[in-house]
Amino acid sequence: MDLFSGLIHGFSVALTPMNLLFGFLGAVIGTIVGILPGLGPLGAMALLLSLTYGFDPVAGMILFAGIYFGAMYGGSTTSILLNIPGEAASVITVIEGYQMARRGRAGAALAVAAVGSFAAGTISLIGLSFLAPTLAMAALKFGPAEYLAVALVGLVIMSRLTGGNLLKSLLMIALGLALGTVGMETVAGYMRYTFHQPLLAQGIDFLPVAMGLFGISEVLVTAEQAMGKVQLQKVRFRELWPTFVEWKRSFWPMIRGSFIGFFVGLIPGPSPVISTMVSYSMERKLDKHGEFGKGAIEGVAGPEAANNASVGAAYVPLMALGIPFTPAMAVVMAVLLIHGINPGPLLMTEKPDLFWGVIASMYIGNFMLLVFNLPLVGVFANIIRTPLHLLMPIVLVLCLVGVYSVNNSMLDIWLMIGFGLLGYFLRRLNYDLAPLVLALVLGPMMERSFRETMMISRGDLSVFLNRPISGTIFAVGAIVLVAPPLIAWIKPLFKRGEI
Amino acid sequence: MNIGSIVFAGLMLAVGLVYGSMAMNMPRGSLAYPGPGLFPMVIGVFLIATALGCLLQELLPRVRGKDAAALSLPNEVPVAAEERNVAKTVQLTALLIGYIFVLKPLGFPLAVCAFLALAIRIFGYRKWLPTLAMAAIIASLSYVAFVVWLKLALPLGILEEMLG
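For the record, the sequence lines run as chains H and G. So the first sequence is numbered by the working numbering: it starts at 1 and just counts up by one. So the second sequence is numbered by the working numbering: it starts at 1001 and just counts up by one.
In short, the hints are calculated from the structure, not lab data. Glycine residues also receive a C-beta, built at the ideal position from the N, C-alpha and C atoms. Heads up, a few of these hints could be off.
Stated by the list, open to error - Simulated coverage check for chain H against chain G, where a stretch passes if three residues somewhere in it have a Cβ under 8 Å from a Cβ of chain G:
| id | stretch |
| --- | --- |
| 1 | 180-190 |
| 2 | 324-335 |
| 3 | 386-398 |
| 4 | 451-457 |
| 5 | 464-473 |
So that you can see chain G by itself, here it is in the shape it has in the complex:
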């Protein structure tokens, strides 16, 4: 029994129920003139049925199928031992969310520079000076490539006045 799979299937079941009930409140029309709610209603039923199936599959081991991981690779394929470091995932997610908040006020070049410096450290490189240098170089190159060369409309934030 995989707790994660049970939680996810349960969550999908809840999503399916909410999705389906919202579809019930949309105009469904008739088969000859289908309204905007008909197709979502069918999908809602499908979502609920498959989520329920996955949930039962996890709860009742007898009906459990094989997983995608068992993509029938021959036994000889060497698989690297997984040493998971979940803290890095959490840190990277927080960093990505933080980037959203600083992008407009700081501007693209500074936000990317700060983002890169922290991301490089999260990925295990510990020396500050080379980290900052690498971040500054990549951020500068990104600015030249995306803003100057490709003319993408990226926010410049506090640099807007300085750069004209």
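Looking at chain H on its own, in the form it has when it is part of the complex:
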């Protein structure tokens, strides 16, 4: 199936009433999640994961795509109107967006953010439509050595790109990989780290870990912090139209943000957050009006486009290779796995309904978000008034029900609470949780690939470097790991004229 017939088929799947309903629901839930501080798209998807058992996998994927895109739209609303970023990818929008609101241009900022998000979403979806099938075809040549290379180098790049402490990120990767080895090993059926507990034989499930780390720990952190009453800026519908000059100034930042977001989104790591920072820095450097920090519309248009574009791009490695590069994509992959579907290069040919249906539904969802987000901005912004004493207990109940209902297992609740506490402490100690979750997901696949490669090559480790694709991927990983400290070491020598 070529690209255009694939997309046409995808639209025929996505436009069924049930899938449209799930797309709409996802967009609404995502917008609300984006608006509410303390519950990001990842937490919301982890919460709803167990419920997707009862859905068709296409509907589950469409729901989650809507949530992810919707959260990016919703996050900007409270950033601009309230000076409160609803989720991490909207933190940058606060800087210029709230300043615009204080100058009475909240409507223009919201409109530019929404249109920028729509344009970027569309550009990234076009990129996804072209790139995912191409990459999937190329990935058919991948053997276990290449899969190990992609997963390992992906983790290394992620540990470098989170911007935090490298050793702490590597420790989280090691912990995630270690957790991934718990349970019955698949080749010889050997029990590892189960401590004679039959329930641990299946291994540590991803769901209680993700819900604990991103759901429970979020609630525990939120419970500690006092939230004051919020002052909402009022926006009338007629104020939503930016002036011609504002449109003109926003156009190129939107385009630049879209491409930055798309390319950053292809790289492992918290791409929505990183892409907004890169876009903001670029727009600030290109600034000709001297308005940055005082409400520059470019500082809203660029980052808001970038975070949406990164969402579409994040689907490329998952749909084409079956490897998630972000924790959110790991949750999306779990939707497929619980229905017995293995994402990867064969997904496009074996499950065309799902592959193309999800991509087509993203186009529709992106349009839906633009249409209902702008007129209803006042309604959505008021959601932030929901009292925390009501919202947070409901989130906890959803976590408790969700995690129990998968296996009807009390052990899963214990694990979720345990990982919730671990996540709470790790957040307090400035550890990034994403590498832990990704390593847990990728660990078993990495072990399987390693053992298969070793058996095929009869124990020859050089096979990883001798095969052209895996060798290239490992070389890129080595450069990413070694280059920053090497540059930091060489730079002063250059300055002193010693080189």
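Let chain H serve as the given structure and place chain G on it in line with the hints.
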């Protein structure tokens, strides 16, 4: 020097040592035919090395890197002043653990109702009557949504006989 970070890194070092020593007792096979212990042994070494690195980083300030909190956000980003109330975290954790013990005997609707009432109070709402009303309404809606509509097999406990 952050005591919490030192304790955590030390704990991870201990976990790494136990994990690695357990891996040593598993059949490792050879490189050509890797056994179930080979991959965990490599991870054990990695865990010990990174935990040791984090520990040294905390103990020796000269090698301390930048933290994840320094995710290079521009200075202008307003950050809410943190007024931490650790007691709430402890209470919520105790409540979550308590829920596990009462879920089967009390059943899902009653356990959730009690859980919600206490959680709402922990989050700072003090009036008992509205709290109980809110808890009862949300618990009823949860029952309808999860048990009746989604047909999840949640324990009904003492309500099982009453509800048939």
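Now for the hints, and whether the structure bears them out:
no.	hint	in the structure
1	180-190	holds (count 5)
2	324-335	violated (count 0)
3	386-398	holds (count 9)
4	451-457	holds (count 3)
5	464-473	violated (count 0)
Hint violations for this structure: numbers 2 and 5, all remaining hints satisfied.
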